[in-house]
Amino acid sequence: MTDIMRSRLWSIVTYLLCSSLLDHARAGENSAVDFVRDVQPIFQASCLKCHSRGKYQGGLSLESRTSLFAGGESGAAVVAGNSGASLLAVRISSDNPDLVMPQSGDRLSPEQITLLRAWIDQGAQWPEEISFGFPTAPLEPRRPELPPPTADQQVDNPIDRILAPYLSAHEVPTQELVSDRMFARRIYLDLVGLLPTPEQLVAFEQDIQLDKRARLVDAVLNDRRAYAEHWLTFWNDALRNDYRGTGFIDNGRTAITGWLYRALYENKPYNQFVHELVSPVAGSEGFTKGIVWRGVVNASQNPSMQAAQSISQVFLGVNLKCASCHDSFVSYLKLDSAYALANVFADQPLEIHRCDKPTGKQSPFAFIYPQLGPINATSTKHERMQQLADLMVKPENGRLARTIVNRLWAQLFGRGIVEPVDNMDQTPWNTDLLDWLAVDLADHGFDLKHTLKVICLSRAYQLPAVGTPQPSANTYTFGGPQTKRMSAEQYIDAVSSVIGTRPTVAPEMLKVDARGQGGQIAAVAEVDGERNDVRAALMFDDPLNRALGRPNREQVVTRRESAATMLQVLELTNGTTLDGMLDRGAERWLERHRADRKMLVEQLYLAALGRVPRAEETAACYELVVEPPTKEGVKDLLWAICMLPEFQLIH
Amino acid sequence: MSKKSNHANLRCPGPVSRRTFLQAGAIGLGGLGAADLLRLRAEASAVGKAGPDTAVLLLFLSGGLPHMDMYDMKPEAPSEFRGEFLPIHTNVPGIDVCELLPRHAQVADRFSLIRSITHDFSDHGGGHKRIMTGRIPRKPVDFINDAPSGASIIAKMREHSHQSLPPNVLLADHNRTGVHVFSLGSAYLGPSYDPFDIPGDPSAKDFQVRNLLLSNDVAARLSDRRTLLDGLDNLRRTVDRSGAMEAMDKYNQKAYQMLTSEKARAAFDLSLEDAKTRERYGHHAWGQRTLLARRLVEAGSSFVTVILENPEPANLDRLTYNWDCHATSVNVFVDVRWRSPYLDQTVTALIEDLYQRGLDKKVLVIVMGEFGHTPRINYAVGARSGIIQPGRDHWPQAQSVLVSGGGLRMGQVVGSTNSKGEVPKDRPLTPNDLWATIYRHLGIDYNHAFLDHSGRPMPILPFGEPIGELI
Chain H
85 MTDIMRSRLW
95 SIVTYLLCSS
105 LLDHARAGEN
115 SAVDFVRDVQ
125 PIFQASCLKC
135 HSRGKYQGGL
145 SLESRTSLFA
155 GGESGAAVVA
165 GNSGASLLAV
175 RISSDNPDLV
185 MPQSGDRLSP
195 EQITLLRAWI
205 DQGAQWPEEI
215 SFGFPTAPLE
225 PRRPELPPPT
235 ADQQVDNPID
245 RILAPYLSAH
255 EVPTQELVSD
265 RMFARRIYLD
275 LVGLLPTPEQ
285 LVAFEQDIQL
295 DKRARLVDAV
305 LNDRRAYAEH
315 WLTFWNDALR
325 NDYRGTGFID
335 NGRTAITGWL
345 YRALYENKPY
355 NQFVHELVSP
365 VAGSEGFTKG
375 IVWRGVVNAS
385 QNPSMQAAQS
395 ISQVFLGVNL
405 KCASCHDSFV
415 SYLKLDSAYA
425 LANVFADQPL
435 EIHRCDKPTG
445 KQSPFAFIYP
455 QLGPINATST
465 KHERMQQLAD
475 LMVKPENGRL
485 ARTIVNRLWA
495 QLFGRGIVEP
505 VDNMDQTPWN
515 TDLLDWLAVD
525 LADHGFDLKH
535 TLKVICLSRA
545 YQLPAVGTPQ
555 PSANTYTFGG
565 PQTKRMSAEQ
575 YIDAVSSVIG
585 TRPTVAPEML
595 KVDARGQGGQ
605 IAAVAEVDGE
615 RNDVRAALMF
625 DDPLNRALGR
635 PNREQVVTRR
645 ESAATMLQVL
655 ELTNGTTLDG
665 MLDRGAERWL
675 ERHRADRKML
685 VEQLYLAALG
695 RVPRAEETAA
705 CYELVVEPPT
715 KEGVKDLLWA
725 ICMLPEFQLI
735 H
Chain A
3 MSKKSNHANL
13 RCPGPVSRRT
23 FLQAGAIGLG
33 GLGAADLLRL
43 RAEASAVGKA
53 GPDTAVLLLF
63 LSGGLPHMDM
73 YDMKPEAPSE
83 FRGEFLPIHT
93 NVPGIDVCEL
103 LPRHAQVADR
113 FSLIRSITHD
123 FSDHGGGHKR
133 IMTGRIPRKP
143 VDFINDAPSG
153 ASIIAKMREH
163 SHQSLPPNVL
173 LADHNRTGVH
183 VFSLGSAYLG
193 PSYDPFDIPG
203 DPSAKDFQVR
213 NLLLSNDVAA
223 RLSDRRTLLD
233 GLDNLRRTVD
243 RSGAMEAMDK
253 YNQKAYQMLT
263 SEKARAAFDL
273 SLEDAKTRER
283 YGHHAWGQRT
293 LLARRLVEAG
303 SSFVTVILEN
313 PEPANLDRLT
323 YNWDCHATSV
333 NVFVDVRWRS
343 PYLDQTVTAL
353 IEDLYQRGLD
363 KKVLVIVMGE
373 FGHTPRINYA
383 VGARSGIIQP
393 GRDHWPQAQS
403 VLVSGGGLRM
413 GQVVGSTNSK
423 GEVPKDRPLT
433 PNDLWATIYR
443 HLGIDYNHAF
453 LDHSGRPMPI
463 LPFGEPIGEL
473 I
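Those protein sequences? They're chains H and A, same order as listed. For what it's worth, my numbering labels the leading residue of the first sequence as 85, then goes sequentially. For what it's worth, my numbering labels the leading residue of the second sequence as 3, then goes sequentially.
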């Protein structure tokens, strides 16, 4: 007897046996069954463990109405309007221990069976938006309709038009925008990573034109060197580019500093930027080349798999790492699709390894979203990488733009529209906002500065900062930018600007050594000329910047760990690097204001915090800065100011 | 004995099935049945009772522990195995140790020997990585671990404790304190959990703990600075600090405590020990380093690694730099004869001291190397001596480990090797079983997982169970 025959036979037997329950069932028919209220809890408690998210026992998926009706190996699971002919109803009431569902766990109660039968008899309604599969974001771009501007909005920014209904639905109180000084400090730190000078602040405050905030954003974004030097840090982390470190031996790693700096300096359109990283031009090879680890490594760590993982994570917000070893347990990604992408970068066609063991199966060649187009298996590696790059930047790939606008939003607001930023399949807190920013970026030639400007001129960005939500909070409601701690680079540059001097260029920064390390200053000088001192982004790693969170860049990092650590505090309190900076700073401040401590304290406050001290603050400073000021006293004050939350935070 | 193929499957846990769980357990527990496993697992999970003041003090014999000339003597073995030395009885019938360790013989009721720790990595680098991390290293050579050391895992798990001392401390010779010298790196946990280094010989006159202890005048300034900072901060609390500054505030407080608290300062100050105690530990690098380590765990550090390479400057024409006693470097018997009395003094001073101070429940002492030494004596021409001499090479197949305190059952021998000391005979155990015992002592759930660089969840221990006989 075949399985199907057996189950049909059982269905008849069960039907007869269950006839005593028909009274119940009829009772159920009288009231409408609601999927969300009545059915979903039963599915979740008893069915989905074996029939969703990668586990499809008997070939049956209960993830959606479509998959339910498609059925499994034994045929359709449900016939709408006819529970008697529906295999699902038969199996849940079966007396055969080999057939009854659920196979593991308790039997369904008679009431639950009645409910499910009634649900089927009433047509098995199932709202389309409810799916129990892995979350999957749409790939296509989507152009949401902008709500009309509301009368009370001070600025007509598309972001605010989109957010207006959201804010009122979530009862977010209307608030004043931040002051000019605070706005300027944010803009400088967020867009170019620097503190505004006291002169810049005064000039901005004294500007009385209505469009002065827009002009400030333009002016700051147009400082091409400052912009490139700031965003270099973000992209060095994401593209794991560093100036020395692991892998620089045996030609196992190649820096892309010169190419990257030029791309940022010239504000290369983002689609072209990605294209050149995936299908390299001169200078950008290092990203897909990855790190050739010495010795034997896991099959999932070979350079072509690293390339597949890196481009997926950075450009598409997809974590391919689980799927590099086995079908992912946490997403829809399959081992085969990870290999098919890695194969694009492989010198020799890859054999699929499952959990480091060869499967004997040769991998095909494909993008993880094959619906965008094929990759030709007969092409050379060079041609395949070109084809892949073309697919990546295809207008139909809405994910490319969504991923980068979400990253920019997260950089400026401290939290993405989608979180985590490397998992773009999660649900955004505002889909229209994400989709609009993405199409707007594409509409404007993938000009990242355009998107930054749109964001910075929104009311949303100019709201007062809010605290970081507790990690335990499981829902997020947007209420403004989050207070952020400065990155290592922002902090070191800010201290440099307070003490009035930056670190000088070291000889190793001017010359690439035999292993390909160093020479970063020479590389950027080719783009925009020589420099005498060094911003933090171009420094080698050292105990201070590492303690403050600069990663080792062996792996892609798209967001810095923001939590403070014990070593970090020790380094700030007792470390030699910062101590040396403060020492030089104290001398410089004394040179300028040896005779006037009032002036010294006031100017120092302006330089560091962008404001004059209040009387009580001056008095507190005078405890250590005696008249005439001593170097020790000034150094103590510099230290205290550089440790102040008001200094360390972007708020 | 454990097999590599099993380990490979355990690198990525994925969804752990009951079967793999039982397989994993079986590696560690040899002949024990499933019921024992479950009992041990239940006992192991009853870790909540371990206080946050529990600590581990690791005396590490870098180069490998010559088990056949120390803790696992085989007087009946053929002469090409047994070596020059004779075993002596101890105060526990049935436990014999080498005649070069007479003080051990007097305190055997206060330690236990595990004679059957085994692994597969015979290079110093691979051996260090294997024994320090509780994981199978990806590469069998070099010292840079791809998984965090147990010491850094403990630092991570203890980061929120209220101790004013660094949780993870390393004491070693000058230029030997880098995290990678002994595979103590934090790998994907990040450098915050690297050990706090104390290089140098604490018995030297000019010894100082660098970077932590402030001179008195700087300490005075720090207090002023703090006062000023707090004052200025309190005057202007307009910034919404919630979340963003929380950890910073907390660590500020801790760092300040550590830099200024009398207790923390005192912990690093060996001169506060009475002369008799210092004498008992011995006026050499090993003794004073171990005494300093005891002060640190007593004051709140969670895991202190004491590297025992050479106790004092040695004549390298006759001796070698650490426990790595190949015939090409040294006559193993000359070398062991030289270093054993120092070890005997240091280890037993520590054991007696801990018991005397009532710290034997709180502090667990481990004495081990990265592997054992070749049971069969090899002869070769010494590079320096120019004559044929006996030596022993690397031997991960078997080593002995001494444990003391930690509230464990003392005065016993766990496991054994075969008649020539080559491979475990009873109770083959892995370094992971030792780590499981350590984590249990510290109240750390070793099933807790961290994400590695590629986002894979990595449990603290992929396999291994606490050693039942010790519990």
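Read the hints as simulated data drawn from the structure, not as lab findings. Where a beta carbon is used, it is the ideal one built from N, C-alpha and C, also for glycine. Hints should not be assumed to be uniformly reliable.
As the list claims (entries may be wrong) - A partial selection of chain A residues facing chain H, derived with a Cβ cut-off under 7 Å:
hint, residue
1, Pro-54
2, Asp-55
3, Leu-191
4, Leu-230
5, Leu-234
6, Asp-235
7, Pro-315
8, Asn-317
9, Leu-321
10, Arg-378
11, Ala-382
Said to hold, decoys possible - Result set (DSSO-like, lysine-lysine): computed pairs, CA atoms no more than 27 Å apart in a straight line:
hint, chain 1, residue 1, chain 2, residue 2
12, A, Lys-265, A, Lys-363
13, A, Lys-141, H, Lys-441
14, H, Lys-352, H, Lys-139
15, H, Lys-478, H, Lys-441
16, A, Lys-141, H, Lys-373
17, H, Lys-478, H, Lys-537
Hints, one by one, checked against the model:
1. Given hint, A:Pro-54 at the interface with chain H, is violated; its Cβ is 16 Å from that chain's nearest Cβ, farther than 7 Å.
2. Hint status for A:Asp-55: violated, given a least beta-carbon distance of 18 Å to chain H, over 7 Å.
3. For A:Leu-191, the suggested interface contact is broken, since its CB lies about 11 Å from the closest CB of chain H, more than 7 Å.
4. The closest approach between the C-beta of A:Leu-230 and any C-beta of chain H is roughly 4 Å, which is under the 7 Å cut-off, so the hint is satisfied.
5. Because the beta carbon of A:Leu-234 sits about 6 Å from the nearest beta carbon in chain H, less than 7 Å, this interface hint is met.
6. The restraint placing A:Asp-235 at the interface with chain H holds, with a minimum CB-CB distance near 6 Å, inside the 7 Å limit.
7. Interface hint status for A:Pro-315: violated, as the beta-carbon distance to the closest one in chain H is roughly 29 Å, over 7 Å.
8. Given hint, A:Asn-317 at the interface with chain H, is violated; its Cβ is 36 Å from that chain's nearest Cβ, farther than 7 Å.
9. Below 7 Å, beta-carbon pairs count as interface contacts, and A:Leu-321 has none with chain H, the closest being about 33 Å; its hint is therefore violated.
10. Checking A:Arg-378 against chain H by beta carbon gives a least distance of about 29 Å; that is not within 7 Å, so the hint is violated.
11. Given hint, A:Ala-382 at the interface with chain H, is violated; its Cβ is 28 Å from that chain's nearest Cβ, farther than 7 Å.
12. For a cut-off of 27 Å, the pair hint linking A:Lys-265 to A:Lys-363 stands: about 22 Å separates their Cα positions.
13. About 17 Å separates the Cα atoms of A:Lys-141 and H:Lys-441, which keeps this hinted pair within 27 Å; it holds.
14. Under the criterion of a C-alpha separation no larger than 27 Å, the hint pairing H:Lys-352 with H:Lys-139 is inconsistent with the structure, at around 44 Å.
15. For the hint pairing H:Lys-478 with H:Lys-441, the CA-to-CA distance comes to about 35 Å; that exceeds 27 Å, so the pair is violated.
16. As the CA atoms of A:Lys-141 and H:Lys-373 are separated by approximately 21 Å, the hinted pair is consistent with the 27 Å bound.
17. Our distance criterion of 27 Å between C-alpha atoms is met by H:Lys-478 and H:Lys-537, whose separation comes to about 25 Å.
Hints 1, 2, 3, 7, 8, 9, 10, 11, 14, 15, counting from the list given before, are not met by this structure.
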